[in-house]
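J.: Sequence:
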Amino acid sequence: MSHLYPHLRIHQVFGANTDVGKTIFTTALCLASSVLPLPSTSSSHDDDVRSAIAGSSRGESVHYLKPVSTGPMTDSDDGHIARYANPSSQHTLLRFSNAVSPHLAARLGPPSASPLADLSRLPTDAELVRSIGHWIDSKASTSSSRGVAYIETAGGPHSPSPSGKSQVHLLRPLRLPTILVGDSQLGGISTTRSAYESLVAAGYDVEAILLFSQGAEDKWGNADYLSQWGEEVGVPVWGLRGASQAGPPAWARSQQEEEQNMRNFYRHLVYGKGRLTEGGAEPSSGVVDVVKDLRSRHQSRITELGTFARRTMDSCWWPTTQHSLAKSEADVTVIDSAHGDFFSTFKQQQGDDAASTSLLAPMLDGSASWWTQCLGHSHPRLAQVAAQAAGRYGHVLFPMAANEPALKLAEGLLGRLPEQQQPAGETHAAFPSPGFGWADRVFYSDDGSTGMEVALKMAMAAARTRYAPAALTPASTQRAAAGREAGSIAGRPEREWKVLGLKGSYHGDTIGAMDASEPSVYSNMVHWYRGRGEWIEPPQVSVVNGVPTVKVPGGDAGLEWDKADGSHSYSSLQAVYDVPSRLSSDPLAKTYRATISAWLDRVVRLEGNRFGALLMEPLVLGAAGMIFVDPLFQRVLVDVVRESESLFALSDAPLRDATAATSAPRGDGEWKGLPVVFDEVFAGLYRLGPLSPSLSVLGVKPDISCLAKILTGGLVPMAVTLASRSIYETFLSARGKKEEALLHGHSYTAHAIGCEVARETLRILGSVEQESQRGQGGGSAASIWRQSKAQWANDASVFSPGRPESQSSPSIWSLWSPQYVADLSRSSPRVEHTMTLGSVLVVKLRNAEGEGGYGSTAAQDVVKRLRTGLARQMGHPSQPKSDPGKDDSVLSFNVHARPLGDILYIMCSLDTSDEVRQAVQDVLRRELAA
Numbered sequence: 001m002s003h004l005y006p007h008l009r010i011h012q013v014f015g016a017n018t019d020v021g022k023t024i025f026t027t028a029l030c031l032a033s034s035v036l037p038l039p040s041t042s043s044s045h046d047d048d049v050r051s052a053i054a055g056s057s058r059g060e061s062v063h064y065l066k067p068v069s070t071g072p073m074t075d076s077d078d079g080h081i082a083r084y085a086n087p088s089s090q091h092t093l094l095r096f097s098n099a100v101s102p103h104l105a106a107r108l109g110p111p112s113a114s115p116l117a118d119l120s121r122l123p124t125d126a127e128l129v130r131s132i133g134h135w136i137d138s139k140a141s142t143s144s145s146r147g148v149a150y151i152e153t154a155g156g157p158h159s160p161s162p163s164g165k166s167q168v169h170l171l172r173p174l175r176l177p178t179i180l181v182g183d184s185q186l187g188g189i190s191t192t193r194s195a196y197e198s199l200v201a202a203g204y205d206v207e208a209i210l211l212f213s214q215g216a217e218d219k220w221g222n223a224d225y226l227s228q229w230g231e232e233v234g235v236p237v238w239g240l241r242g243a244s245q246a247g248p249p250a251w252a253r254s255q256q257e258e259e260q261n262m263r264n265f266y267r268h269l270v271y272g273k274g275r276l277t278e279g280g281a282e283p284s285s286g287v288v289d290v291v292k293d294l295r296s297r298h299q300s301r302i303t304e305l306g307t308f309a310r311r312t313m314d315s316c317w318w319p320t321t322q323h324s325l326a327k328s329e330a331d332v333t334v335i336d337s338a339h340g341d342f343f344s345t346f347k348q349q350q351g352d353d354a355a356s357t358s359l360l361a362p363m364l365d366g367s368a369s370w371w372t373q374c375l376g377h378s379h380p381r382l383a384q385v386a387a388q389a390a391g392r393y394g395h396v397l398f399p400m401a402a403n404e405p406a407l408k409l410a411e412g413l414l415g416r417l418p419e420q421q422q423p424a425g426e427t428h429a430a431f432p433s434p435g436f437g438w439a440d441r442v443f444y445s446d447d448g449s450t451g452m453e454v455a456l457k458m459a460m461a462a463a464r465t466r467y468a469p470a471a472l473t474p475a476s477t478q479r480a481a482a483g484r485e486a487g488s489i490a491g492r493p494e495r496e497w498k499v500l501g502l503k504g505s506y507h508g509d510t511i512g513a514m515d516a517s518e519p520s521v522y523s524n525m526v527h528w529y530r531g532r533g534e535w536i537e538p539p540q541v542s543v544v545n546g547v548p549t550v551k552v553p554g555g556d557a558g559l560e561w562d563k564a565d566g567s568h569s570y571s572s573l574q575a576v577y578d579v580p581s582r583l584s585s586d587p588l589a590k591t592y593r594a595t596i597s598a599w600l601d602r603v604v605r606l607e608g609n610r611f612g613a614l615l616m617e618p619l620v621l622g623a624a625g626m627i628f629v630d631p632l633f634q635r636v637l638v639d640v641v642r643e644s645e646s647l648f649a650l651s652d653a654p655l656r657d658a659t660a661a662t663s664a665p666r667g668d669g670e671w672k673g674l675p676v677v678f679d680e681v682f683a684g685l686y687r688l689g690p691l692s693p694s695l696s697v698l699g700v701k702p703d704i705s706c707l708a709k710i711l712t713g714g715l716v717p718m719a720v721t722l723a724s725r726s727i728y729e730t731f732l733s734a735r736g737k738k739e740e741a742l743l744h745g746h747s748y749t750a751h752a753i754g755c756e757v758a759r760e761t762l763r764i765l766g767s768v769e770q771e772s773q774r775g776q777g778g779g780s781a782a783s784i785w786r787q788s789k790a791q792w793a794n795d796a797s798v799f800s801p802g803r804p805e806s807q808s809s810p811s812i813w814s815l816w817s818p819q820y821v822a823d824l825s826r827s828s829p830r831v832e833h834t835m836t837l838g839s840v841l842v843v844k845l846r847n848a849e850g851e852g853g854y855g856s857t858a859a860q861d862v863v864k865r866l867r868t869g870l871a872r873q874m875g876h877p878s879q880p881k882s883d884p885g886k887d888d889s890v891l892s893f894n895v896h897a898r899p900l901g902d903i904l905y906i907m908c909s910l911d912t913s914d915e916v917r918q919a920v921q922d923v924l925r926r927e928l929a930a
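Anchor point for the sequence shown: position 627 equals 627 in full-length UniProt numbering, and the numbering is continuous, going up by one each time.
Be a bit skeptical, because a hint or two may be false.
The calculated SDA-like cross-link candidates involving lysine to any residue, where the alpha carbons are at most 20 Å apart (straight line), are [as the list claims (entries may be wrong)]:
id, residue 1, residue 2
1, LYS498, LEU606
2, LYS590, ARG602
3, LYS165, LEU732
4, LYS347, ARG826
5, LYS165, GLY247
6, LYS503, GLY554
7, LYS551, SER194
8, LYS498, GLY546
9, LYS864, THR333
10, LYS457, HIS395
11, LYS590, GLU643
12, LYS503, GLY546
13, LYS789, ARG530
14, LYS219, ALA201
15, LYS503, ALA461
16, LYS408, HIS395
17, LYS864, LYS789
18, LYS408, PHE436
19, LYS503, ASP515
20, LYS457, THR510
21, LYS347, MET400
22, LYS498, PRO553
23, LYS327, SER913
24, LYS737, MET400
25, LYS347, ARG865
26, LYS789, MET400
27, LYS590, ARG530
28, LYS327, ARG310
29, LYS292, PHE308
30, LYS347, LEU870
31, LYS292, GLY55
32, LYS165, THR142
33, LYS864, GLY55
Each pair of labels, with its calculated beta carbon distance range [as the list claims (entries may be wrong)]:
id, residue 1, residue 2, range
34, GLY306, GLY745, 42 to 48 Å
35, ALA99, PRO319, 53 to 59 Å
36, ASP314, THR18, 44 to 50 Å
37, GLU496, THR312, 22 to 28 Å
38, ASN545, GLN388, 48 to 54 Å
39, GLN299, SER190, 30 to 36 Å
40, GLN860, LEU119, 46 to 52 Å
These are computed hints drawn from the structure, not numbers from a lab.
Keep in mind the model is a prediction, meaning the values are calculated, not measured.
C-beta: ideal position from N, C-alpha, C; glycine also.
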């Protein structure tokens, strides 16, 4: 968990390298902290230093921790600390006898000390970091007096832990304020700056850099150079020295003489040369000055975090938020940092135990930060490639230009990278290719809504070119304009191009994307909005009282819904999503076809509409309230639209009895009927399980598809619109006229940083998918996927006991277990139904007041308890540990969930651990039963 206490400062000490004096400076920090009086309004810092020198004052209680130690006890860092600093407490968690790097020491033999009772097993990274957190928490909770904890790491930032993981990443969940001990030797400028950049890139706040210095006599000039550089980057650099030399004294003839020399050295290092003798040299800085600055920074951090809520309320305009509902600062979630699945949030309200508990607490990011997170926050590989692309390119323009990240991402999405080419012509799973086999071009934009605007422009232009080709010159069009005005002789206005879609769909907040959705709460206050389309209500999939169910809408004049008998039960969700089988065996397929055909005939022939695209979110309508659409309905809708070209070709009124000539057969690469556009901004890239739901579940090749959100791992905004060749060729002008091109673009099109981050995200996800398909092995995420797929392959044994069905390759799967989804659906009278796909878990709640949909407040009380209820503080935010016997009324951790009216949903990352998901399941079960 995150740690910030009013009465306990915490600092981790990293070295720029081995043997730079990390233990020496940590000892000096312990000494200075214990003797420098705590700040008071009645004394100056110089007075405090004099009091400390005289021995008439007492500073902070000092605690020291060495997480991992290698080498013999006689030469150990904690032994040196004990000898010269005598802290209030000290501890080493994991100790190895061989004086080598921790990852090698772990191979050479078991530890002699460990946070685990079983010395034969190494602690996992999570267990080791959790142990550090527990140690910190124990020091904060056992004393209310002012104190400081110094945690000394081993080696440099990227020195490996016992598991081989870089220290800088191992300790990142704690994100402790950091002190860096620089290198004063030849070459030390480079190693110090490199270490600093590694720490900053990982998200740490480096509060001080300490290194030995001889002042004006410094041979290499490291301290002077780094001090000037530190002013530029905003980090204080302290060049410090002992009695008569920069570093510690040489070995003495006896242990007694050595200890005396070291104590004298530390005395000068702590107080600064010149302060210990009257009339001596001009005082130079000592470690007491460093401690004063660190104390000030600690207090300033707490003070500033406490102002964030009010300052944000006064300066920022939040998205999709009614500001009048923000009654107080306590309503604002102040996020200090984020890691893995968790925010580190600042507590706005402090209880009776505020003095001994952390001001920062972990809170699960229950909406995956608006559906963007897939690999967890602050993923080191994504941060690294973003920094590399920023250093290489910054941003470069894209029209008629090329850059490596944009090119290789496009080739990867289309399945054209050399490593993707296989003898059988199939793509290589290590780089997922949602456009393989149908898409010909990739268009870059900045977010999902803009990507959908691009898709609409593509589709409408293609439909207009086919069904209403320009027959007039610009001059003749202008002359005919008056005849199209209402009231003119035999004239009529040109019919508007519209979209076909599903009721409840939503494709973004820009005005064009909004116009492609039916009127909703999102458009009520947008007075430019005019819905340009016709939308049909789709059947919905859910788990009702433990039974997978397809609910068909109520009767609609002229349609066939009344023949569908309301709700239909299935043996499993696998059966519901087995679209090929249902097409030939499910009676609903015939009902859907008749209903859709009648609807299309009505909106075209009877109402005289002209359409340019079929626009859908595959499987789930996200913003509408996580509506899971029957996949069979979506498949039949696409089939009927593609078979109805003669209907969409009608252009002259009256259309009621009009017929059109049968169109010529279209080739495999050409769009048919209408361009089919899939909005996979939310649904694509494994969020719902498959890479591309339209391809894998519906069995449909889009003509246009839009991807965003997961695309860049939740790090930077970017979207891509994939288009088939026939769509692309719509904009190729034989006359070379620029106005016939797709005139859409924004300043940051094909942003090199976004493209490189997207490439890395897809490489990681592709590797997880590939490894999960093996019988064993792979990383933790691959193991999670493999286990989840195995559970869902036999979901019939859960939903229909006694009728087990087994599929070696399930068509759908989820990270949430089928047993839990079934149990939750019948756990409380408040629950109307549940549903899940991929990383999404949905609970629809009954509203006692009868109002449903987005305007409902049915989920508000649950969401509030999840966010603000009393929660245990966990030792490691990414790996919560269950505590049997603890009070069940206390949450394992708080959950930041965003309701959609009467819909409560939780969306985890694609690699969220079993422990986190199990804790969430327990929390939801308990809260919904309350």
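J.: Are there hints from earlier that the structure breaks, and if so, what are their numbers?
T.: Structure breaks hints 3, 4, 5, 7, 8, 10, 12, 13, 14, 15, 17, 21, 22, 23, 26, 27, 29, 32, 33 and 37.
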